[in-house]
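Participant: Listed below are the residues making up each chain.
Protein chains: 2
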Amino acid sequence: MFRLIRKEGSARRGEFVTVHGTVQTPVFMNVGTSATVKGGISALDLRTVGCQVELSNTYHLHLRPGDELIRQLGGLHKFMNWDRPILTDSGGFQVFSLASLRKITEEGVRFASHIDGRRIFMGPEESMRIQSNLGSTIAMAFDECVANPSPYDYVKESSERTIRWLVRCRAELDRLNSLEGTVNPHQMLFGINQGGTYPDLRIDNMQRIAELGLEGYAIGGLAVGEETQVMYDLIETVEPYMPADRPRYLMGVGTPLNIIEGVARGVDFFDCVMPSRNARHGNLFTWHGKMNIGNERFAEDPRPIDEGCGCPACRNHSRAYIRHLLKAEEMLGMRLAVLHNLYFYNELTAKIREALDAGKFTEFYDKYTRILGERVDD
Amino acid sequence: MFRLIRKEGSARRGEFVTVHGTVQTPVFMNVGTSATVKGGISALDLRTVGCQVELSNTYHLHLRPGDELIRQLGGLHKFMNWDRPILTDSGGFQVFSLASLRKITEEGVRFASHIDGRRIFMGPEESMRIQSNLGSTIAMAFDECVANPSPYDYVKESSERTIRWLVRCRAELDRLNSLEGTVNPHQMLFGINQGGTYPDLRIDNMQRIAELGLEGYAIGGLAVGEETQVMYDLIETVEPYMPADRPRYLMGVGTPLNIIEGVARGVDFFDCVMPSRNARHGNLFTWHGKMNIGNERFAEDPRPIDEGCGCPACRNHSRAYIRHLLKAEEMLGMRLAVLHNLYFYNELTAKIREALDAGKFTEFYDKYTRILGERVDD
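So the sequences go chain by chain: A and B.
Heads up: the first sequence begins at 439 in this note's numbering, then just goes up one per residue.
Heads up: the second sequence begins at 439 in this note's numbering, then just goes up one per residue.
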């Protein structure tokens, strides 16, 4: 259940009640693809860095260790020892970006596993069954994510099929939720808006999936090749057609700047591998802008990454030490960098919420869209 | 200052007072070669797993990030945020095992860095200067570690030179400790017994270095190729000549069994990369014996690695989850496995100390030398 607490322009401050606890929005979900965030991050660490929602992946967990195994062990929450909300991606994006030898039919997709080449079939029903076995809080609809740009006719056809798949997802999840012994019988379904970069297809798609009365709506198929401004424009195009009483989730986005811009356009949920992926290459986010800790100028720097930051890396270690660890390819370097970046992203959305609560989001927007894109050179 | 609290046979329960706190012996030192234990382990984690002494490496830290840099940042304790004792290996072993194009003279060793091939010279004075820059609690003498077996004449010649080097180490460290601005002016020096597998050379060497009145004595050049029984016999050969009022350190040893056998022969200090190296391959130590968590039989096992264990891995995660993480090559798998193994080793020496305190080491020895070598198949 979503409750809209306050608005400032299009920006929304809300609360999303789930069976695993209430999520304060806007929220950034922390991506733990294979039931852990890359960089040696445990569920306990996620608590430390202020994570509200963990995001895992249907495709990856189906391949390894297998969703039947996770179900047998009591579901994904128990498996990874995380009791707050989990959102599971449907596997659609991964089937279209990682797997090879893909063949799409009305039924679903046949493809080869990127791990061992094994032939696998996944359609709306299979994705729902896997997600039901995982028992996540929120299941995502199984969709086709087309590259940007793609030909109009193909996007139209794909978008139509994705809507038919969505109807099948809803039916299958309803059935699964009603079965005895389902891990999480309160599992919710978010639909996904597609339509490439074509405003008319996006709007048509959104209008039609809005009618299905789902628990939340995502904008998918963005940040996959198009210009950033195109993405912002498309959010503005679709937003008026998204139900106001449901959370909106911009999938796979993005930089701190993208998140602030997304919130300004009415988005409530975000997720991205950026904080962990960038961290592993020494690219860190701070309240003064971005820094690459590998830079020579930090070699003898006794200060924390970000003086005001309360993360475990900043509270205990210097730039010089973390830089050394990354240069020496020591895992601890990556772990500390990832902890810092996740903390930053979670704090970013916390500060956005504070600003919204105080009616000062415009001020926040003006200040931080200016600062956060800069490079820290001190 | 070493205080012998109690003896049971040759086994010793003692206390070693240092400027960074008192070490309860027997003790297992946790190896953090490059100022971190491999597997994403921080100084805070070392506290959690009950580490008393951290061990870092002169050779590695000299090459990267450089001991001058660490000195500038206040020494190794400050650099890695660890305030308890640190022992630094002298670099001797690494120069002889990792570096290439080695040339040994009376002065020291010229060699090529294993990182970038840079030509480097290290002799007793250089090793002491580096360790003084690091400011460790205990510096190890710079020695030559010969492979086992090596020809008698070579071992004799090498052992003689190592003694001459030791005298130079003592003089140089005394000088460094007396300088103003030395990171740790109370830095102690442990001498290292060498002599290959030749009892007469071992005894001669030990008698002569004992006369130097150093703060502790190590047995080096074991567990480098010889049979385990040969190692045990050589410890028994040398032990009577080691000063009873100084701690004895068996370098680079070993399995839990080796440690119990070492304690039974009068050894106080141990170190080994085994707990972290084995962990990374899924080889775990438990109070019921060894297990490889990669084994299929653990795939659906909801139990912790070791039911009675209080480590962060066992308190929070199942065998099935940790196995999954290692199979998926997720860093968290290695981190949890390393945390478990380090905790086990630290608890092993804690239990040895308890047994000695209670006058029950023989009982402990009989029970655990039987169990700990076995395989856990449940």
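Hints may contain errors.
One copy or two, either will do: identical chains are not told apart, so a pair holds if it fits within one copy or between any two.
Below, a list of computed lysine-lysine pairs in the DSS-like style, where the Cα atoms sit at most 30 Å apart [what the hints assert, rightly or not]: (1) Lys-516 - Lys-798; (2) Lys-516 - Lys-728; (3) Lys-765 - Lys-805; (4) Lys-541 - Lys-594; (5) Lys-516 - Lys-765; (6) Lys-516 - Lys-541; (7) Lys-798 - Lys-445; (8) Lys-445 - Lys-594; (9) Lys-805 - Lys-594; (10) Lys-789 - Lys-765; (11) Lys-765 - Lys-541; (12) Lys-765 - Lys-728.
The set of hints was computed from the structure by calculation and includes no laboratory data.
Participant: I want to check one pair: Lys-765 and Lys-728. Are their C-alpha atoms no more than 30 Å apart within a copy, between two copies, both, or neither?
Facilitator: within (19 Å within a copy, 34 Å between copies)
Participant: Under a CA distance limit of 30 Å, which applies to Lys-765 and Lys-541: within one copy, between copies, both, or neither?
Facilitator: For Lys-765 and Lys-541, the Cα distance is within 30 Å only across copies (28 Å; inside one copy 43 Å).
Participant: Checking Lys-541 and Lys-594: alpha-carbon separation at most 30 Å within a copy, between copies, both or neither?
Facilitator: The answer is within: 18 Å in one copy meets 30 Å, while 72 Å across copies does not.
Participant: Reference check for the pair Lys-516 and Lys-765, CA-CA at most 30 Å: within, between, both, or neither?
Facilitator: between (36 Å within a copy, 19 Å between copies)
Participant: Please sort Lys-805 with Lys-594 into within, between, both or neither, judging by C-alpha distance up to 30 Å.
Facilitator: Answer is neither; intra-copy 40 Å and inter-copy 73 Å both fail.
Participant: If the cut is 30 Å between Cα atoms, do Lys-789 and Lys-765 qualify within a copy, between copies, both or neither?
Facilitator: Classified as neither: same-chain Cα gap 32 Å, cross-chain 38 Å, threshold 30 Å.
Participant: Can you tell me if Lys-516 and Lys-798 fall within 30 Å by alpha carbon in one copy, between copies, both or neither?
Facilitator: neither (39 Å within a copy, 41 Å between copies)
Participant: At most 30 Å between C-alpha atoms: does Lys-516 with Lys-728 qualify within a copy, between copies, both, or neither?
Facilitator: between (36 Å within a copy, 26 Å between copies)
Participant: Within, between, both or neither: how does the pair Lys-765, Lys-805 come out at a Cα-Cα threshold of 30 Å?
Facilitator: Neither way: Lys-765 and Lys-805 sit 34 Å apart in one copy and 45 Å across, limit 30 Å.
Participant: Pop the pair Lys-516 and Lys-541 into one bin, within, between, both or neither, using alpha-carbon distances up to 30 Å.
Facilitator: Intra 35 Å, inter 57 Å, cutoff 30 Å: neither.
Participant: Checking an output row: Lys-445 and Lys-594, CA cutoff 30 Å. Within, between, both or neither?
Facilitator: Close neither inside one copy (33 Å) nor across copies (83 Å); limit 30 Å.
Participant: Which holds for Lys-798 with Lys-445 at a C-alpha limit of 30 Å: within a copy, between copies, both or neither?
Facilitator: Within one copy only: 11 Å inside, 71 Å across.
Checked against the numbered hints above, the structure violates hints 1, 3, 6, 8, 9 and 10; every other hint is satisfied.
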